[in-house]
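Engineer: Sequence lines, in order, name chains A and B. For the first sequence, full-length UniProt numbering assigns the number 1 to the initial residue and increments by one for each residue that follows. For the second sequence, full-length UniProt numbering assigns the number 1 to the initial residue and increments by one for each residue that follows.
Calculated from the structure, these hints are not laboratory results. Possibly wrong hints are sitting among the right ones.
Unchecked claim - In silico DSS-like pairs for lysine-lysine, Cα to Cα no more than 25 Å straight-line: (1) 183/A to 21/B; (2) 183/A to 400/B; (3) 21/B to 400/B; (4) 38/B to 21/B; (5) 455/B to 20/A.
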Amino acid sequence: MRVALFVTCLVDGLFPDVGKATVRLLERLGHEVVVPSAQTCCGQMHINTGYAGQAMPVIRNHVEAFEGADVIVAPSGSCAGSVRHQHADVARAHGDATLAEAAAGTAERTYELSEFLVDVLGVTDVGAYFPHRVTYHPTCHSLRVLDVRDRPLRLLRAVEGIDLVELPSAETCCGFGGTFALKNADTSTAMLGDKMSAVLSTKAGVVTAGDSSCLMHIGGGLSRLRSGVRPLHLAQILEQTR
Amino acid sequence: MTTFLGMPAGGGNLTGEPFPKAAREALGNAQLRRNLAKATSTIRAKRANVVGELPDWAQLRAAGAAIKDEVLADLDEHLVRFEEALTSRGTRVHWARDAEEANRIVCDLVRATGTREVIKVKSMATVEIGVNEALAGIGVHAVETDLAELIVQLGDDRSSHILVPAIHRNRAEIREVFRRGMPGVDPGLTDDPRALAEAARKHLRQKFMTVDVAISGANFAVAETGSLVVVESEGNGRMCLTLPRTLISVVGIEKLVPSWRDLEVFLQLLPRSSTGERMNPYTSVWTGPTEGQTSHVVLVDNGRTATLADPDGRAALRCIRCSACLNSCPVYERTGGHAYGSTYPGPIGAVLSPQLTGVDRNPTLPFASSLCGVCYDVCPVAIDIPSMLVHLRERVVSAKRTTPESTAMRALAWAMSDARRWRRLLGLGRFGRVASRHVPLPGWSTARDLPEPPKETFRDWWGSR
Ligand code: SF4
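Here chain A stands alone, though its shape is the one from the complex (with noise of 0.2 Å):
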């Protein structure tokens, strides 16, 4: 299958191994990847934070970028949770029917790399091998956006010599929410504090989840504690073979 990537703004600017991961693991999988060069950024920071007004030409690019492809597959649930629930939305509400259409189109169109794995290419066994003890932290707009429920832990627990740990209140958020950790940075942190008593409670060396915006979050605070846990994107995890 051609897939085309959605490589998010934080994946490309901060995060590029997570994208190639990402390309590597499709790859391997057997499908062509391409990554359209126009696109940038789903928006989502601006209409988070009560700026859908000046997202809208940012949604308009991420629609144009994607108009020719046939499937498009992000490395977040978040940013796939924006295409798939905000865009048309947005831009409904500030006059564009045309772009709308075209978003909800978008829309339809795009996957979660978790969802993409099991639902459109029927794989959970995707040959990799990890040996390493592993937690797993279900990003809220993974599992409350796009309800991926068990997808990605179903990929996990397929990965050869894994050690997977269930995450004391895993669903419970990371206190992350974009600017969220900026405009209330104490009660983020406190909501941060309880998430990394569960992360090292379990002892696990890896923390994954499908989200980098999260992972940024947690692995922030955890390099802060010195607690040499790493933060790993699933498809970092899964991108490795023996």
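Since chain A is already given, all that's left is putting chain B with the ligand on it; use the hints.
Structural biologist: Then chain B with the ligand, alone, in the frame of chain A:
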């Protein structure tokens, strides 16, 4: 974009303190954090259990939402029908545009009875408009009869939760409140829950037997028959509703349901969502005054019509005040209700309060959420609180002029709407530095390390492949 035309007219018992600041104070209180975490996690588990028992929960929830939407769509007609039904059964109906008007009506009615003391059924509407304070202004003492509300009142405290106003207090603290605030209490009172309940019972019994005027709210109001419904756990409300000779009920206009049949849905949704019980112990329904009683209903707007006029926000009026969203919210769990600085705390408070009072008076509340979405998941009437928060944020932002944030956002949006500009921003390797210089980042680095900016963007790597 839809233009918002309604003029909010509500008061809301506001403290005026911005959420982040009030939250910081609350977060520093370890006892509070412990009390809240314990109480909310217990009730979350109970709720999940009893909701899980019902195979048709999703349909019930959809029915609840649909009934409320139907009422809201024709609220004027339902209200007129309700008024007719009430009047025909001998209840006097009063209309109040805002808190001030409602309080004036209540005060006049109370004054006419000549009493110096009234007993109260737990009611959020009366907290919202500040009835107790208004009565105090005319020399009348209002006695809260709900145990948790009484604790808050005796402790000279503010309510921290819509269902359990004293959720932030533990037993030892409650004993202290009683010892200091309850006249004639046994000085040897222990913090055994039974002893505490007994002390409150004695105190209240004397009030029930002697005070002749009561003030209530209503959980539901049935339009077709003019019936009012109060749902409670302790039975103290029922004492207030039946014993006194004058009963004044303060009811928000959104409390209506069209018919008795609709009640069935809500009497299933409410107790399971709020206390995690299959059925609450006391449900009182009264249609007109009981013999020898004079009854009044004050129908309160206080910003509700304005909320109704806003298509993005009106669903907040579906709220049945079950508190499930508070108990599930990770922000509420850590800050408690006082941080919200308004009558309604937690996720529903973050959307309802700014709408009732106008966003300008509550501008930090729509941002007091990480948008994790758990409030929407648990809401028995399916209020999409996260989406409403986002809409309200847009309103807060557009009410302001240029700020450093809006300038940064504009610049970023400009770069992000064109790949060449975006690439220039990233490709120059300046992303990290530019971002940290122009996007307001203080707060991040206090608790979190920033990732090392990579040597090569994904785009560069892809291009060189
Ligand atoms: S918004 Fe929903 S969950 Fe929250 S109190 Fe109201 S009805 Fe309950």
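Engineer: Are the hints correct? Go through all of them and say.
Structural biologist: Tested hints:
1. 183/A to 21/B: 10 Å, holds
2. 183/A to 400/B: 16 Å, holds
3. 21/B to 400/B: 20 Å, holds
4. 38/B to 21/B: 24 Å, holds
5. 455/B to 20/A: 14 Å, holds
Going through the hint list in order, the structure satisfies each hint without exception.
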